[in-house]
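Trainee: Sequence:
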Amino acid sequence: MPDRAAVALVVAMLGLGACQQGGVWANVPVNNTPDGQACRVEAENDPEAKRVAATATSGNLGYDEQVRQELLVLLPRLWRACMNRRGAIRGGVEPVRRTTF
Numbered sequence: 007m008p009d010r011a012a013v014a015l016v017v018a019m020l021g022l023g024a025c026q027q028g029g030v031w032a033n034v035p036v037n038n039t040p041d042g043q044a045c046r047v048e049a050e051n052d053p054e055a056k057r058v059a060a061t062a063t064s065g066n067l068g069y070d071e072q073v074r075q076e077l078l079v080l081l082p083r084l085w086r087a088c089m090n091r092r093g094a095i096r097g098g099v100e101p102v103r104r105t106t107f
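Sequential numbering from 7 applies to the sequence shown in the working numbering.
It should be emphasised that the hints constitute simulated quantities derived from the structure, not laboratory data.
Incorrect hints may have been included.
Here are the simulated distance ranges between beta carbons [stated by the list, open to error]:
id	residue 1	residue 2	range
1	R96	Q43	16 to 24 angstroms
2	E100	V47	20 to 28 angstroms
3	G93	P53	17 to 25 angstroms
4	R103	L67	20 to 28 angstroms
5	R92	G68	32 to 40 angstroms
6	R103	E54	15 to 23 angstroms
Please read these numbers as outputs of a predicted model, since none were measured by experiment.
Even glycine gets a Cβ: it sits at the ideal position worked out from N, Cα and C.
Go ahead and model the full structure; you've got the sequences and the hints to work with.
Mentor: The following block contains the structure:
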């Protein structure tokens with residue numbers, strides 16, 4: 007059952023993050039292709055992303071913001087790595103990162 011609880015927590019964190027200005031997916035390009043959607047799911051289900059999201063306390067706004075910032079960096083990195091593996095985007099210069107507050 008701890009796995010279900012962790013998954014539920016991750017889903018809740020990602021859902022709550024989406025409600026905020028930009029959400030945790032703000033730095034991931036919108037890409038509705040099959041590769042883009044599959045990579046979004048892969049990034050969301052990545053063990054590291056789940057571990058980071060599970061550390062949110064929901065009682066400490068400062069720490070929750072730190073978790074959000076970590077996800078803002080981690081999720082685009084995971085998504086781009088997946089897209090590169092699939093050959094959906096070419097390597098090269100990293101795009102300019104979006105600044106969120």
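Trainee: Could you tell me which of the hints above the structure violates, numbers in ascending order?
Mentor: none
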